[in-house]
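Asker: Here is how the chains run, residue by residue.
Number of protein chains: 2
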Amino acid sequence: MGVMEQIGTRTRKRKAAIAPQIAIETDRLIRGDCIPEMRKLPDACVDMIFADPPYNLQLGGDLNRPDGSHVDAVTDDWDKFDSFAAYDSFTRDWLREARRILKPNGTIWVIGSYHNIFRVGATMQDQGFWILNDIIWRKANPMPNFKGTRFTNAHETLIWASQNENARYTFNYRAMKTLNDELQMRSDWVLPICGGQERLKKGGTKVHPTQKPEALLYRVMLACTRPGDVVLDPFFGTGTTGAVAKRLGRKWIGIEREEGYCEAALERIEAALPLDESALSIMQSPKQQPKVAFGTLVETGYIAPGTMLTDTKRRWKAVVRADGSLEGEGHAGSIHGVGSKVQGAPSCNGWTFWQIETKDGLKPIDTLRQTYLLATQP
Amino acid sequence: MGVMEQIGTRTRKRKAAIAPQIAIETDRLIRGDCIPEMRKLPDACVDMIFADPPYNLQLGGDLNRPDGSHVDAVTDDWDKFDSFAAYDSFTRDWLREARRILKPNGTIWVIGSYHNIFRVGATMQDQGFWILNDIIWRKANPMPNFKGTRFTNAHETLIWASQNENARYTFNYRAMKTLNDELQMRSDWVLPICGGQERLKKGGTKVHPTQKPEALLYRVMLACTRPGDVVLDPFFGTGTTGAVAKRLGRKWIGIEREEGYCEAALERIEAALPLDESALSIMQSPKQQPKVAFGTLVETGYIAPGTMLTDTKRRWKAVVRADGSLEGEGHAGSIHGVGSKVQGAPSCNGWTFWQIETKDGLKPIDTLRQTYLLATQP
DNA sequence: GTGAAGAGTGAATCCCTGA
DNA sequence: ATCAGGGATTCACTCTTCA
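The listed protein sequences derive, respectively, from chains A and B. Reminder that position 119 of the first sequence reads as 119 in full-length UniProt numbering, one-by-one numbering, no gaps. Reminder that position 90 of the second sequence reads as 90 in full-length UniProt numbering, one-by-one numbering, no gaps.
Hints were generated in silico from the structure; no laboratory data involved. Some hints could be false.
The list treats identical chains as interchangeable, and a pair is accepted whether it falls inside one copy or across any two copies.
What the hints assert, rightly or not - In silico lysine to aspartate or glutamate, EDC-like type, Cα no more than 20 angstroms apart, as pairs:
(1) 317 x 126
(2) 341 x 360
(3) 359 x 311
(4) 291 x 188
(5) 341 x 329
(6) 177 x 126
(7) 317 x 270
None of these values were measured; they are calculated from a predicted model.
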């Protein structure tokens, strides 16, 4: 697992390795109901949970297309619930176990539609999960509303939540920004539905009625886990979570009741190819780069004591002192402290605020830090 | 009102005029709390309800933009609740009255964010409302996540529900399809937030912290009401619902507690003019350019992480990474960024610069984008 | 007048480490 | 547990100012 050890060590979160982590068996499928099976797992043993629970779809009668062909709706027995109360009870039970086995800094994703997502979301809040975002999967190619009685149901909703309000969760902000052409990733994701070669079929019919696209899981795991993290899926189905986890170098545990789905899932995961190390690495935040003190640049001669710094509009000036502090405009202190004081701002990043005069005009002192890093990093 | 007569004449519902409708006073603002004020209204007296209740945002401390400026948050008392239980109690009370005064064939719209919408939706289902769609308002210009801690919260959710499961509700299918360039209107609506001239201001500051855009109400009313219908808004605010109702030839009733909002609303509705054809075209959502991020092609499997790219003359090479970034020749970043860096050029179109090896020779990665668009666009 | 540049702003649960 | 301090972090659009 050389990949695991080298990648992802610098993420936004630095987990305190206080409690000895219980190592559990991973990369395996557990056959059975998710509630009793989760009960057998120890507390705080997984980093992320992805759950695609039954939707409790209340479809009355059969649905036909205008041409008379039959729409293959979700009518399996596992999707029938006597009432909202029964569904709520089921939801509370599996979410309670999910929260227990989730590490304190772990996160959970749950996907649903308007039939069930409101009940699921409210239950999550009631149990202490802390919602971080609701994400809209905007389907690029949804099934139209054949009868013209409502708006085309063209999206599904995912809830992303941490185990508790104060969790220091993993969010690979920079990687998401890169994935979205250098703009912040938004809460609405446009992705095609699962079809074509990706859709598992047996004898010409689809194996699972609601197989999720791998692209969806790909984005979820890339955003919120690190290589080597354990991802659990209590409603494993045909194993999309497992297949993507394997590709991305994450460990997985799936729980599934239906033998037909289990077979298909294992076969599929077996065929999935893991990415190699260079492909797995992602863009890192500056936050995760080695820290350099401004004083170090003074000591090592990258900037001389006595150098005059200013801001981009030359409104304020400050002099670099021998110990790496600044003095100017009646203030003295760190590059950040003086920067915030002269502006009267609550905070300031001195690295980008203060500029140094060069032959090509003003440049932020951060460029000196980058030069230093390039020269000293292996 | 030529527009009105042409659109919406073919509605799904044909109401049986059995029970004599109770005529209530319309086009008026009721000053007071919505729960006691709704109690004074008779049963089954309104055709549609649009509700924009407090979201219970639970904001922490102050928030500043990267430039140091302060974010003007919603800190009003009307958005503060002691607990989820208190919010639920409030929600149950106003929804119960709303359902009572709604006609049996009427519908309700409620807007919210992840802070409150799950609780609201679950309560609606518990009380017997029948959800018809959840609609996503995708904000064209949302506020970014300034700290890089989550996904940009770029949408709000609306729930559209009928008074009961068997209601024969109004849905102007044709009008919606016309409004959407002859494609079925989907459950995700791209609309800008309320700003510019439309945003009500007094002394340079916004009158209401969360004024909704008229385009949103326009689409809601055009979809689900007929001219002459009575629309009630129990959280009237600055009267967007009233202004749009007047323009569309619907009757309105607003309930609002804050005197400052009431004044602004009445003044605004007084100034509102009935709709003409030109206004209709302005409201139409412009056909957006399909934009595809390179990362999307990686996620959806059109290009695999680890793939080697090169330029047309094979001078430089780069590897595709899991998040859609490239790494090669000592650089890492987007397809455009790495392209410009290896060439030493100020800019570069990565789509045409980077080539992928195929059995027919090198091809620009732009061809993959075209393939993706062909597969996913309607 | 016209365009470029700069300032302002929007329903937001918005940092992390070490003492 | 709290507190201090380093330093990381933004997109689309409107309106104003100034050349």
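Asker: So which of the earlier hints does this model not fit?
Answerer: 1, 6, 7
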